[in-house]
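Residue numbers (the numbering used here), protein chains in the order written: chain B, 1 to 199; chain S, 200 to 289.
Hint data in this document are derived by calculation from the structure and do not stem from the laboratory.
Since the model is a prediction, treat every value here as computed from it, not as a measurement.
We put the beta carbon where it would ideally sit given N, CA and C, even for glycine.
A couple of the hints might just be wrong.
[What the hints assert, rightly or not] For each label pair, taking beta carbons as the anchor points, the in silico distance ranges come out as: (1) B/Ala90 / S/Leu234: 24 to 34 angstroms; (2) S/Glu228 / B/Asn130: 17 to 27 angstroms; (3) B/Glu49 / S/Phe220: 21 to 31 angstroms; (4) S/Leu229 / B/Ser58: 14 to 24 angstroms; (5) B/Glu82 / S/Ile212: 29 to 39 angstroms.
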Amino acid sequence: MPNIKSIKEPYPPGDFAIWIIIYVELVTFGLLFLGYAFSRRSNIEMFNESQLLLSQTSGFVNTLILITSSYFVVRAVQAIAEMRQESIEASNHTASKWLLYAILCGMAFLVIKFSEFYYIFGEGITLSTNKFFMFYLMLTMFHFMHVMLGSVILFNIYKKTKISGYTPNDYRGFETGAAYWHMVDLLWIVIFPLVYIIR
Amino acid sequence: MPNLKKSIRTIWIMLVILTVFAYLLGYLELINNSLVAILLITTFIKGELVIDYFMGLKTVKLKYRLIPLIWLGTVISLIAVAYYLPIASV
């Protein structure tokens, strides 16, 4: 008798195209992470001094927010995956509740990050101030745009759950949006220690 | 399914604990050479938890799981190399 636990799904959840996008995004961000890490070696003092202008607390809070939003998205996916023909409305309703929490977390992240950018630009810092801020602004603004896009995607999924648009046979789009959101979370999990903590 | 919900909650709690640990290292200015290694290992663990349990890749064919895991391992390892490799004096 085959062991059920050992049977693996042939493909990852969601549209296969999103996984190609995710893998490409990971490589792109990975190069920026390494660019930051190796550039730091050329002027460690300047990197450490510049880092003092960042708020570790806002980076920490934003990490908690993204991790929690990812948790909410998983709960939403679970609600949809458990759906039966007779519970379409209830499952969509439950998923919409979790998605709303996740979207609110996304909004909170954007507000905190925006206030951080506001402070940094208020100090007269730009991309050309020094290498630290060049990498900091490139990494975090690029990531900021991904959070904005992810929030829009989650909002569109949320709208569809409000009209019970997902069925037991059709929720691939839901999983696709969820996978993208988890990628955004994964990237921030590396950005937080790299840019805010390590010195 | 209740077990799955419970395990996802456990994963989330682990992620929160590891994040608090990273923050305290920075906030209390405890970061030093050996703690950077521990911080990078905890970052790898956090990433692995997201890849396996949030993205759901633990239950799919190994090759799809290995791509982000190898990415994560490579990035974290090279960050460690950049941090620990002695800087040649001119």
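Right, here's what the structure says about each hint:
1. B/Ala90 / S/Leu234: 24 to 34 angstroms: For B/Ala90 and S/Leu234 the Cβ distance comes to about 48 angstroms; the hint is violated.
2. S/Glu228 / B/Asn130: 17 to 27 angstroms: 22 angstroms, holds
3. B/Glu49 / S/Phe220: 21 to 31 angstroms: 25 angstroms, holds
4. S/Leu229 / B/Ser58: 14 to 24 angstroms: 20 angstroms, holds
5. B/Glu82 / S/Ile212: 29 to 39 angstroms: 22 angstroms, violated
In summary, the structure is inconsistent with hints 1 and 5 from the numbered list given earlier, while agreeing with the others.
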